[in-house]
Each structure stands twice: as C-alpha cells, then as structure tokens.
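Engineer: Okay, here's what each chain looks like letter by letter:
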Amino acid sequence: MAKTLPKTDVVIIGVGWSGGIIAAELTKAGLNVVGLERGKDRKTEDYFMVHDELRYALRYEMMQDLSKETITFRSNEGIRALPMRSYGSFLLGDGLGGSGVHWNGQTYRFLPYDFQIRSKTIEKYGKNKIPAEMTIQDWGITYDELEPYYDKFEQMAGISGEPNPLGGARSNPYPTPPMKKSPALQLFEDAAKRMKLNPYMMPAANLSEGYTNPDGISRAACQYCGYCERFGCEYGAKADPVVTVIPVANKTGKFQIRTHSNVRRILHKGGKATGVMYTDVTTGEDIVQPADIVVVTSYVFNNVRLLLLSELGERYNPETGKGVVGKNYAYQVIKGSAAGFFEKQQFNTYAGAGSLGVTLDDYNGDNFDHSDLKFIHGGAIALSQTGSRPIQNNPVPSGTATWGKEFKAKSLHYAYRTLGVGGQGASMSFKHHFLDLDPTYKDAFGDPLMRVTFDFEEQDRELGVYLAARSAEIMKEMGADHVDYLKEIGPYEIVNYQSTHNTGGVIMGAEPSTSAVNTYCQMWDADNVFVVGASSFPQNAGYNPTATVGALAYRTAEGILKYREKGGLLV
Amino acid sequence: MDSTGSKKKPNREAEDGSVATMEQPTANPAGPLTYEQEAKNNSRRKFLKTTGYTLGTLALGGALSSLIGCTNNSEEPTPTGEPGKGEEEKAQPRNYNRALMFLTQEQFRIVESATERIFPEDENGPGAKTLGVAYFIDHQLAGEWGFNGRDYMQAPFYVGEKEQGYQGRLKRREIIEIGIKELNNYSLTQYQKSFPELVAEDQDEVLKAFESDAVQLTTISASSFFKMLRTNTLEGAYSDPLYGGNLDMNGWRMRGYPGNQMSYTAAIDKDYTKMDPISLQDHMAH
Ligand SMILES: Cc1cc2nc3c(=O)[nH]c(=O)nc-3n(C[C@H](O)[C@H](O)[C@H](O)COP(=O)(O)OP(=O)(O)OC[C@H]3O[C@@H](n4cnc5c(N)ncnc54)[C@H](O)[C@@H]3O)c2cc1C
Ligand code: SF4
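Each protein sequence line maps, in turn, to chains A and B. Heads up: the first sequence runs through residues 1 to 571, numbered per the working numbering. Heads up: the second sequence runs through residues 1 to 286, numbered per the working numbering.
Treat the hints as calculated values from the structure; they're not laboratory data. Some hints could be false.
Unchecked claim - Straight-line alpha carbon distances no greater than 20 Å define the calculated SDA-like cross-link-like pairs of lysine to any residue that follow:
#: 1; chain 1: B; residue 1: 208; chain 2: A; residue 2: 570
#: 2; chain 1: B; residue 1: 227; chain 2: A; residue 2: 8
#: 3; chain 1: A; residue 1: 562; chain 2: A; residue 2: 86
#: 4; chain 1: B; residue 1: 162; chain 2: A; residue 2: 562
#: 5; chain 1: B; residue 1: 171; chain 2: B; residue 2: 208
What the hints assert, rightly or not - Only some residues are given here: those of chain B computed to face chain A with a beta carbon under 8 Å:
#: 6; residue: 142
#: 7; residue: 145
#: 8; residue: 163
#: 9; residue: 264
Stated by the list, open to error - Listed next, with one range per pair, are the computed distances between beta-carbon atoms:
#: 10; chain 1: B; residue 1: 262; chain 2: A; residue 2: 247; range: 35 to 45 Å
#: 11; chain 1: B; residue 1: 208; chain 2: A; residue 2: 510; range: 38 to 48 Å
#: 12; chain 1: B; residue 1: 201; chain 2: A; residue 2: 400; range: 16 to 26 Å
#: 13; chain 1: A; residue 1: 40; chain 2: B; residue 2: 101; range: 24 to 34 Å
#: 14; chain 1: B; residue 1: 167; chain 2: A; residue 2: 190; range: 44 to 54 Å
#: 15; chain 1: A; residue 1: 447; chain 2: B; residue 2: 161; range: 23 to 33 Å
#: 16; chain 1: A; residue 1: 198; chain 2: B; residue 2: 219; range: 47 to 57 Å
#: 17; chain 1: A; residue 1: 195; chain 2: B; residue 2: 263; range: 32 to 42 Å
#: 18; chain 1: B; residue 1: 213; chain 2: A; residue 2: 43; range: 40 to 50 Å
#: 19; chain 1: B; residue 1: 147; chain 2: A; residue 2: 128; range: 27 to 37 Å
#: 20; chain 1: B; residue 1: 208; chain 2: A; residue 2: 447; range: 19 to 29 Å
#: 21; chain 1: B; residue 1: 263; chain 2: A; residue 2: 269; range: 54 to 64 Å
#: 22; chain 1: A; residue 1: 148; chain 2: B; residue 2: 213; range: 34 to 44 Å
#: 23; chain 1: A; residue 1: 5; chain 2: B; residue 2: 213; range: 35 to 45 Å
Positions of the beta carbon are idealized from the N, C-alpha and C atoms, including for glycine.
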C-alpha cells in the first residue's frame, strides 16, 4: 500500500505559474508548502543549446510526453473521441515552471467587459443576442476588483509596456518601458494610426531592460534572440516561474519541491480534502502526502481530470446542464489573420522576442458595435515579431506551388518579405463544449484520459472571418503588395497548432449552482481545495490568458491565508 | 521493406535493387558512397571508376560495405580530409555523420531523389541532396521520432475524422519505408524505371500522384506520406547542421538566415541586415 508521509500545511499539485506564485506567497507568510511536479527540474543553465528549432519547436523537447498521457477529442457527442496521438492544436507543459518556461510572455489584462460579459451584453443588446446554447456568465468578480492582483503579477514579472488606450484603469504604470520597435512594428503602428485605430506596444514578459522586482529578484534584458516561445530563455530575461517566484519560495526554506511526482488523486472525506496520492515516477512507488490545504495548479486539463478522478465536486452533465466540473470548456479563434507579402522591403524578422509586438483593441470586447453582427466579443489584433525560424516559416503567396522549384524560389524570396497580422479571437462557452473522462483511453497508470468535446460554432466562424478581414485591411494599409487571409473558418481540428489557451472546466462564479469555485478559486464543495488556472475562466477573452491566471493566483494566495485564519468559504 | 506489399512487389524490388546499384555511382555521384560536397567528388569518382566499383553486378550488402571499408583504408587520396597533395590540401575533415543508421542504400537513394525534387538545386543555391536532407531523414527515423517515442500509440485504433488527426498504428519509420517502396513501385509500373532513374519531370509526376492521393495505397495514405516527406525536407534543409542536413549551414546561408546568434539587440530596430550564420557548435565553447 501507499506510503504515507508527515502532514504539511499546503500541498500544491503542479509547479508552473499558478503553483509557483502560490508557493512563493504562502511560504513568505510562513506556511510549509510541498510542491509536487510530475516533470523534471529546470534551470537557466539548461539552455546553452536552446537555439535549436528542430528539437524545441518541432520535437517539443519541453512539452508533456504524450506517450504517457494525452487527451482525447471529438467535435461532438455523436462521434467517438480519439486520442491526440501527436501534438497539434495546443502544447502541454511539463517540468518545473510548466508552460511558463516556454511561453511567449504576451501579458494582457482582460477588458472590464470580459468579467461581466453576460450582463453587459444583455444590457446593451437584449437577451436574444446570446444564443440559447451559449453558456457564458459573469465571473463574479469585476476588473476593478482584480486590478491590484494584475498589478502584483506585472510587478513580479517586470512586464514591459505602455498603457492600453482602450483598456481598464491601472493603479500603476508597467514596471519597465516598452521593448524596442522593429521596422515591421513601426509599419503596423503607422498604418493603424492612419486608420484612426489605437495601437500600443504589446505588454511583454521579455524584459526591455534589467529589472529588480519587489521580491528582490534581478533579471537581465531580453536579447531579441528569436528563440523564445517553445524555448527556455538562457538569459532569464523572459519572466518564468523558475527565475521569479520559485527562488523566492525556495529562499524561505519552507518550500519543498518534489519533481517526478505525478499526482493521481485528491484524497477527501466528508467534504474536505485530506491530502493527495501521487506516484514517484522514478521508483513507481505510490505515496500519500497529507495536507491541510490542497492547491490544484496542474493546468486546465489535469485540474478537471484530477477532480473527476477523485470524485470531488459535481460532474457536469451536458444533457441537463447541471453539475459544474467539466463545464464551459472554451478555447480561442486564432485563424482570423492576414499574411502580407512585400516586394520592395526586407525585414529583419529572423530576430524577435516572444512578446515583441504592437497590438490594438479596437475590435476586441465590445469596443465596436455588434448590433448588426452575428457574434459577440472580438479579439486583440496584433503584429508580433517572435523570430521567423526557417523550418516553420516558409510562407508563399496563395496560388504558389507548395514544393519544387517554384516553391523554393518563392519561399527564399519571401523569407524576409512577409509579415503577419492576426487576431486572438475570444471563444465563448457553449452547453455542449465540455470536458469529461474518456471511457476508453488510459494514461500510463491506467487512469482515464481527459476527453474534450469541442467545435467552432457560428459565433466563432463569424468572429474569425471578421477579424481576418480587419487584419487584412491593416495589412493593405501597411503597403503589402499581396495579402492573403481566410474567408472561411473551417471546423475546429486538433492537427494544427493554434494556441495553448484552453479554458474552463472548473469555472468561477457568484454561486455554487453555476460554478465550481468562488472568486478565490476555492471549491464550493470542499473549502480547503483551491483550483487555480485558466480552468477558472467561464469563457475565454480575446487575449492570451496568463496575466489573468497570475492575477487569480495572487488572489487565491491571499484567500488561502485568510482561510488559514478563519476557515470556511471565503465568499 | 519486405513485410509489405503484394507478391509482385518483392520481385520488382530485387530487380530494381540491382539496377540501382549498377547505376548509382555514375547517375548519382554524390550518393551514399561519397561523403562531401560536389567539388570534392572528382577524385572519388575517378577512384571509384578505376577500382571498378561502377562496373558489373556486384552482390549487395556485406560485399559493398566491405568495399567501402576498403576505400577508407586505401592510399588513394579521398575527398574527405586525409592530408594529401595538391587539390586535396584544403579538404575538410571527414564528415562521419554521412552514413546510414536506418535506411538501406536503395531506400536512401529514393529519399534523396524525391527530396531533391521537393527542394531542388537552383540558381539560388543547393538543393536537398547537397544539403544532406536524406541523411537527416535517415538519422531522424533511427531515433525516438522514427519510433513515435513521445506519441500516444496505445490501442484501440479506430478510423477517425480528419479533424482528429493521425490514428494509425504504424510508426513514422514504417510509414516512410512503405511510402518509399510504393513510390518506387509506382515508378516501375508507370515508367518501367525505378524512381531515382526517372527524369526529373517524371519524378515530379509520381510525387504529384502521391500528393493528390491519385495513388491509392492500402496501408498508408499517399498524401500523408508525401506531406511528411515535404516537412522532413524543410527540416533537413534548415535544422542545425548537427542533425546531418543543412550542410555547412548552406541552407541558412542561402536564405540569409543567421542561425542561432546569441543576441540581436543591436539589429532589432534596423532594416534587414545579412550576417554570416553560426550554429550550435559555436556555442560549445560557452
Ligand atoms: C508555446 C506556448 C506559448 C504561450 N504563450 C503565451 C503568451 O504569450 N501569453 C500568455 O498569456 N500565455 C501563453 N501561453 C500559455 C501559458 O503558458 C499558460 O497560460 C500558463 O503557463 C498556465 O500556467 P499554469 O500554472 O496554469 O499551468 P502550467 O504552466 O502548464 O503548469 C502546470 C504544471 O503542472 C504540472 N502537472 C500537470 N499535471 C500534474 C500532475 N498530475 N501531478 C503533478 N504535476 C502535474 C505540469 O507538469 C506543469 O508543470 C503559452 C503556452 C505555450 C505552450
Ligand atoms: S527573445 Fe528575449 S526573452 Fe525570449 S528567449 Fe530570447 S532573450 Fe529570452
């Protein structure tokens, strides 16, 4: 039988951004915290050989090993879900720091509208604007209430940026100035300004200059090395948990990280968790770690899966709409973009950084009128320059051969004559988009895989086409000689990478009947369990998720400390 | 190779095998028997001629490999860096990476000629063959990627929707082996010649037939095989030379890609500037 270890104050499942932040905050406050991370240890010195597109970007060096665990996918309940056998649509993090190590660092605050989308939509357009099957809901928290936590995350990470002209109010400026502007960014900015749009520098977790954060952690400036997303940063310039929050937790002497520790169950009794059961994957031994408080920060899919495997919380039933665990899975509509080909100009796009870009919110949220549109929301449109690495970046104008002499000549010609402008379309939740346990396929331990049921709806198709057209307008204004963009968004497929912005499944809200956690990410059904991550989002916004995930993590840490004192539900 | 296809195919295979062997050194001077770039091939070619390797119907396998061994030990100047006289003086160190880990030489030649059509040598610079793409593919198939080591390969296997991605039970190395064999069989059926022997235009027609699934295969999808080959070709042309392709970074040089520099802080706000590339090996000093 499983070996049982001495009890700890808090056990954290998964040490990525959410787990790392909470570990730092709780250990600073004197709590003893055990962090269980299924993957390996990581440090900056690992990355001397990191500028390797094949190994990191195409063979997924840093990602979860799918041979051991994956998800299954089906477009709807009428077909059999099948495993995602190789990587495609999204990439799952693994190892210390999680996806926080190989993210881009595009660090957006959501719009005030995002947190109250249901009530604001009804208020302005009436009830009928929201289709019956669309299950969007208010978060139970407003932008203004979350603002101080956004600020905390930005100060910790040293976000480089300038205020969003169309964004919510800020208590502080970004801690570091915007990154350098490349000629491509300048072109976008100038065009957008001529079009009377509101461009601003993308908030970046790639430091524009050396920075020391409030925890006393100093990091160096970004070198625009062009090997950022999917790679670790050898300079520590990219804010990642391993170079920011984890060392702070370690320094307290109260944080015990156990790597190669795969958590398989949350143990509970009478509505309270008693600890977790994990397998030490180096020995195969099952171990019980008792704890007063369990924090689940294992990314969207495993957050949901662990609750379902542990039979904690009420499973979502898509027939009745009752139950909450697995509800409101949402994603992102990423195909609303345009590629521009420039004959007269070559750009230095071999250089770049994960979050080097100029962006605008004129077509995001409800910043434009939706009365005559068949969708709600929109997305941030941006031109980003992340480094055009040569294997993955061989765009040629539509109508060009995709291999052979013509392809070769054109792909070489356009290697530095192509720019992209794209929207991150918001993804609304629907009754029939959900997560549950797969009845057939198992992980390496024999536990059921997470099953994803999801497809694009009319909302998504309309939104995607709209953002593609807006992106193309900007691209034309930038002076591209040829512009390609999608005029139709096909069905959702799991084959091509879109984004790792999966959301929902353990959503937050104002009341237990429609949400799994409250606004402290505390489970309504087990008050000593906190489930943190984009799994809390009731639907997705038109941005990357992590600033909001980070803000929720800071708020959760505060909640846990309150809970430690008073106990009970925090709201 | 032998485990797939109809009864007829193995026969053709054998036929084709010996034909290709005879043809190879002349039709394919930079094929698997040579190690280095075109310029260095002259003496090797001469050497092969004079020692009679291009003649006759040599038995394959052990015989051939022992002959290769023999060349390596020979007193003859090789193109691969024995300090010698005259033109050999500037010869580069031998590239020991240029040997096969997985493919047979016959398979290698098919991969080499197919990828060369996907990414041909032209006025811009080297094609797949010169860049060593076929070596790259061989090496990739020999390792974890070829075995789908990090993919979920558990049963049950069902035919799925297109949106659900690859659902087969075959590993990449098996798909490539079958694909190569079918490419050759199709060439023999349509043109009575093996794929490497075909003129470029006919090779293109064969590849197009695979790309468009005009060829119907039972075990694999012809178009998926083609797609994999195309992706592998770009990978081999542009990955770090450490993997066996992108010879001497000439793929990068051709497209003006600076490789993996440590920093672009000085370049980021400037117009496009060409730089000589550096590779991961240059980082070993750190
Ligand atoms: C290529 C890429 C680029 C991205 N770019 C951006 C961007 O620019 N901006 C942005 O906002 N977001 C971006 N993201 C998303 C971002 O990385 C995530 O939102 C963020 O990392 C989520 O943090 P998390 O702590 O919730 O999960 P993760 O960082 O994924 O951490 C979860 C951790 O839990 C561990 N774990 C999982 N299951 C178990 C288990 N059973 N037992 C023990 N441990 C477990 C995992 O190994 C992992 O370390 C990107 C993601 C990817 C993949
Ligand atoms: S682009 Fe900047 S932040 Fe990203 S990995 Fe390179 S140096 Fe680090």
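Engineer: So which of the earlier hints does this model not fit?
Structural biologist: When the structure is compared with the hints, numbers 1, 2, 3, 4, 5, 6, 10, 11, 19, 20, 22 and 23 turn out to be violated.
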